[in-house]
Amino acid sequence: MAIYDYSMTIINKGTNLVYPKIFPDFIAMDLSSNNFSGEIPSSVRFLQGLHLFNLSHNVLTGHIPRTLSNITQLEVLDLSYNNLSGTIPQQLSDTDFLAFFNVSYNQLSGSIPQGKQFDTFDNTSYLGNFGLCGRPLSKRCQSPGKEEPQFVEPTDNSLGFDFDWRIILMGVASGLFVGIILGQGVSIGHDNWILTKIGRRYWKGRR
Numbered sequence: 001m002a003i004y005d006y007s008m009t010i011i012n013k014g015t016n017l018v019y020p021k022i023f024p025d026f027i028a029m030d031l032s033s034n035n036f037s038g039e040i041p042s043s044v045r046f047l048q049g050l051h052l053f054n055l056s057h058n059v060l061t062g063h064i065p066r067t068l069s070n071i072t073q074l075e076v077l078d079l080s081y082n083n084l085s086g087t088i089p090q091q092l093s094d095t096d097f098l099a100f101f102n103v104s105y106n107q108l109s110g111s112i113p114q115g116k117q118f119d120t121f122d123n124t125s126y127l128g129n130f131g132l133c134g135r136p137l138s139k140r141c142q143s144p145g146k147e148e149p150q151f152v153e154p155t156d157n158s159l160g161f162d163f164d165w166r167i168i169l170m171g172v173a174s175g176l177f178v179g180i181i182l183g184q185g186v187s188i189g190h191d192n193w194i195l196t197k198i199g200r201r202y203w204k205g206r207r
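Take the sequence shown: its position 127, counted from the start at 1, is 127 in the working numbering, and no numbers get skipped.
It is possible that part of the hints are untrue.
[What the hints assert, rightly or not] Quick list of the computed label-pair ranges, beta carbon to beta carbon:
no.: 1; residue 1: Thr-72; residue 2: Asp-119; range: 32 to 40 Å
no.: 2; residue 1: Ser-85; residue 2: Ser-138; range: 21 to 29 Å
no.: 3; residue 1: Gln-48; residue 2: Pro-136; range: 23 to 31 Å
no.: 4; residue 1: Arg-140; residue 2: Thr-120; range: 17 to 25 Å
no.: 5; residue 1: Thr-72; residue 2: Thr-124; range: 23 to 31 Å
no.: 6; residue 1: Gly-49; residue 2: Arg-140; range: 37 to 45 Å
Note that these hints are calculated values from the structure, not bench results.
Cβ coordinates follow ideal geometry from the N, Cα and C atoms, glycine included.
Let the hints inform the model, and build the full structure from the sequences given.
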């Protein structure tokens, strides 16, 4: 697989993630601070190739779809500062590359997934969710072996302001997007992602 000689630096809350070499199918999606509402559809599983996904600082509701675990290359997932409820899907603990995870300041409850990458996240990933329990929080779950209630995942493919997930899904499937930055992605003084020095050259063929 080809690698382009471009670099990308991602800065969030004082933490730098540096990618000195970028794969041609590297996809970063920043949809933070856009006042999007509604639920995250289960169809996000089709966002294959996505490495960075930021939906923070919106007004999203509903559950975190377990199908996010199908995005096998996902390294950064930021869902903080929304109105998400329910549990954190245990399936997310199956991801092998997740290096940054933040669901702080939502309305989540239940036990925090354990194992693999989730053993590396500290309590700052879960701040403001008073219903959560289990490591790394000091609050212990009363019934750690109890199965969490099941829920029906949303099938609606749209968010507020006529935002249509189908447009994103089609773009990713056709390999047109190298990076997507919307809203206040480059504003100083916000907690959203800053993506700089990102390669603009599209990969025109797969080997």
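The hints, checked one at a time:
1. Thr-72 x Asp-119: 32 to 40 Å: For Thr-72 and Asp-119 the Cβ distance comes to about 19 Å; the hint is violated.
2. Ser-85 x Ser-138: 21 to 29 Å: Holds: the Cβ-Cβ distance is about 22 Å, inside 21 to 29 Å.
3. Gln-48 x Pro-136: 23 to 31 Å: At roughly 30 Å between Cβ atoms, Pro-136 and Gln-48 fall inside 23 to 31 Å, so the hint holds.
4. Arg-140 x Thr-120: 17 to 25 Å: At roughly 20 Å between Cβ atoms, Thr-120 and Arg-140 fall inside 17 to 25 Å, so the hint holds.
5. Thr-72 x Thr-124: 23 to 31 Å: Since the Cβ atoms of Thr-72 and Thr-124 sit about 25 Å apart, the hinted range of 23 to 31 Å holds.
6. Gly-49 x Arg-140: 37 to 45 Å: holds (38 Å)
Of the numbered hints listed earlier, the single one contradicted by the structure is hint 1.
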